[in-house]
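> If you want the building blocks of each chain, they are given just below.
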Amino acid sequence: MIKISNLHAFYGKSHILRGINLTVDKGEIVALLGRNGVGRSTLVKSIMGLVPTTGSILFKDNEIVGNATHDIALKGIGYVPENRDVFSTLTVKENLLLGVKDKNVKAEWTVEEMFSLFPNLKERADVIASAISGGEQQMLTMCRCLMGNPEFMMIDEPTEGLSPQMVETVAELLKKIASKGIAILLVEQKLTIALRLARRVYLMGHGEIVFEGTPKELEKNTSIRKEWLEV
Amino acid sequence: MDVILFTVFNGLLYGMLLFMLSSGLTLIFGMMGVLNFAHASFFMLGAYFAYQISKYIGFVPALFIAPLIVAVCGAMVEKYALRRVHKFGHVAELLFTFGLFYIIEELVQMVWGKVPVGYHVPEFLDFTLFSMSGMGYQAYAMFTLLVSIAIFFALFSVLTKTRAGLIIQAALTHPEIVSSLGHNVPRVFMAVFGLGCALAGLAGVLAGNTLGTEPSMALSLGPIVFVVIVVGGLGSLKGALVASILIGVLQTTAISLDLSINSLIETLGFAVDLESLWHILIDLTISQVAPILPYLLLVVMLIVRPRGLFGNRDV
Chain A
1 MIKISNLHAF
11 YGKSHILRGI
21 NLTVDKGEIV
31 ALLGRNGVGR
41 STLVKSIMGL
51 VPTTGSILFK
61 DNEIVGNATH
71 DIALKGIGYV
81 PENRDVFSTL
91 TVKENLLLGV
101 KDKNVKAEWT
111 VEEMFSLFPN
121 LKERADVIAS
131 AISGGEQQML
141 TMCRCLMGNP
151 EFMMIDEPTE
161 GLSPQMVETV
171 AELLKKIASK
181 GIAILLVEQK
191 LTIALRLARR
201 VYLMGHGEIV
211 FEGTPKELEK
221 NTSIRKEWLE
231 V
Chain B
1001 MDVILFTVFN
1011 GLLYGMLLFM
1021 LSSGLTLIFG
1031 MMGVLNFAHA
1041 SFFMLGAYFA
1051 YQISKYIGFV
1061 PALFIAPLIV
1071 AVCGAMVEKY
1081 ALRRVHKFGH
1091 VAELLFTFGL
1101 FYIIEELVQM
1111 VWGKVPVGYH
1121 VPEFLDFTLF
1131 SMSGMGYQAY
1141 AMFTLLVSIA
1151 IFFALFSVLT
1161 KTRAGLIIQA
1171 ALTHPEIVSS
1181 LGHNVPRVFM
1191 AVFGLGCALA
1201 GLAGVLAGNT
1211 LGTEPSMALS
1221 LGPIVFVVIV
1231 VGGLGSLKGA
1241 LVASILIGVL
1251 QTTAISLDLS
1261 INSLIETLGF
1271 AVDLESLWHI
1281 LIDLTISQVA
1291 PILPYLLLVV
1301 MLIVRPRGLF
1311 GNRDV
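Order-wise, the sequence lines are chains A and B. Residues 1 to 231 in this note's numbering are what the first sequence lists, from first letter to last. Residues 1001 to 1315 in this note's numbering are what the second sequence lists, from first letter to last.
Rather than coming from a laboratory, the hints here were simulated on the basis of the structure. Backbone N, C-alpha and C fix where the C-beta goes; we use that ideal spot for every residue, glycine too. Keep in mind that a hint or two might mislead.
For each label pair, taking beta carbons as the anchor points, the in silico distance ranges come out as [said to hold, decoys possible]: (1) B/ARG1084 x A/GLU168: 33 to 39 Å; (2) B/TYR1080 x A/ASN36: 37 to 43 Å; (3) A/GLY12 x B/SER1157: 38 to 44 Å; (4) B/ILE1057 x A/LEU97: 41 to 47 Å; (5) B/LEU1257 x A/ASN83: 46 to 52 Å.
Given these sequences and hints, build the entire structure.
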């Protein structure tokens, strides 16, 4: 589905990504782990065309480096940013409707379907999005992204700051999305959720991939974990 | 009572004109972070284009065509110039619009000369609609007021009821997310810049024939528009509306008040030494200090509440 080779990204003179290689296949959940500031968010932003990059990103065998962000989105890549950035002046329903792309051929996910998945959002359909809880905002940003029918979804820290119950709900949604054949790149700080959901994990440190393997392999590899993941 | 009603009416008219000018500026700022110094220049272009068009085919076609031409000018400026300057940051953008202001002024002088042109109120609207206590209210003033109120409702319904409006609202605060949902944000920026310029242009068409169409008209109205968007809150349309009317009424009312602190003191039966420095200050009438009132409001607002009346971020 997506194949990233030798990707570099810069913020001014700072070299943030230093030759990243990464792949995600159809229907696969891949976790991207690492401490804060190692470049995980920059990587997903680079894929989305929000940060200038060099290297190669093949999406369904088409090069997307240098494409405009909206073109990348229209090709089928979805991005759920961290911080639960809902459109705070619009209602829940309006937020969802803005997820629909103008050039949509067939809507896989509808507002009604989202509401049946999350009755909470249905109840609050006409409420201004800034007034709903953090967990509901997280759901809303994920649903908003799904409304655009992505084939590959990047989700930045979806469980941060959520209650254990809400984390469960997010995990269930992720499984459901993947079961529909959508590839997911899950950015996380913790190994726990990756162990439960991901087929493969990448561990980042200082702008590079320092480990690649299954979650079990990472769990066993104490030295790598201590050096690059645990605090 | 009639005088008060009359003044409020005039204030409302002036306020709605200010709103047409400031709504575009505040949207452009809210979305792109560009403080467009040249915004009032598009107001001036609207007046000159309307003068030229109405000379050949009349005022009514000019009312529609002139703002459209201004919109195209604005959209081109955004697409071919401002967008390229954008990557160098907001200071570069500010300086760019500053330069643009003078370029437009010089161009206008080259084409239409330095003296005011004869852009007049159309004959079919040039009569007194009604009179109160010997003061006549012009039909054209009422026409301007009605057009600007209609524009206000149209603008609000487009922004809140249409999909394009929702995209604009979302892009005001989260342009990156809007583009990552597949919406062409640069095109939205261009459209908003064009729309903002069209509104300024329309204000120029409506006001150029009463305020006078001359090369300095952008400079004389430009600063007050900045006051409006700072007082209302940068990026807030509601704020722009309230601040426009507030400043419109404040200015027109203050001009008609011949009261001073001294007159109040004298009414209370006291007197101040005629030779003292205080006397000069307290003898100033409200109408004399009227021109500085909006700027005083700007300065006080920045100190007390930098985000303005309805803004959600500091200046």
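> Looking only at beta-carbon atoms, does the pair B/TYR1080, A/ASN36 fall within the given range of 37 to 43 Å?
41 Å Cβ-Cβ, so the 37 to 43 Å window holds.
> Against the range 33 to 39 Å, how does the distance between the Cβ atoms of B/ARG1084 and A/GLU168 compare: consistent or not?
49 Å, violated
> How does the Cβ-Cβ distance of B/ILE1057 and A/LEU97 compare with 41 to 47 Å: does it lie in that range?
42 Å, holds
> Could you see if the CB distance from B/LEU1257 to A/ASN83 stays within 46 to 52 Å?
51 Å, holds
> How does the Cβ-Cβ distance of A/GLY12 and B/SER1157 compare with 38 to 44 Å: does it lie in that range?
43 Å, holds
Hint violations for this structure: number 1 only, all remaining hints satisfied.
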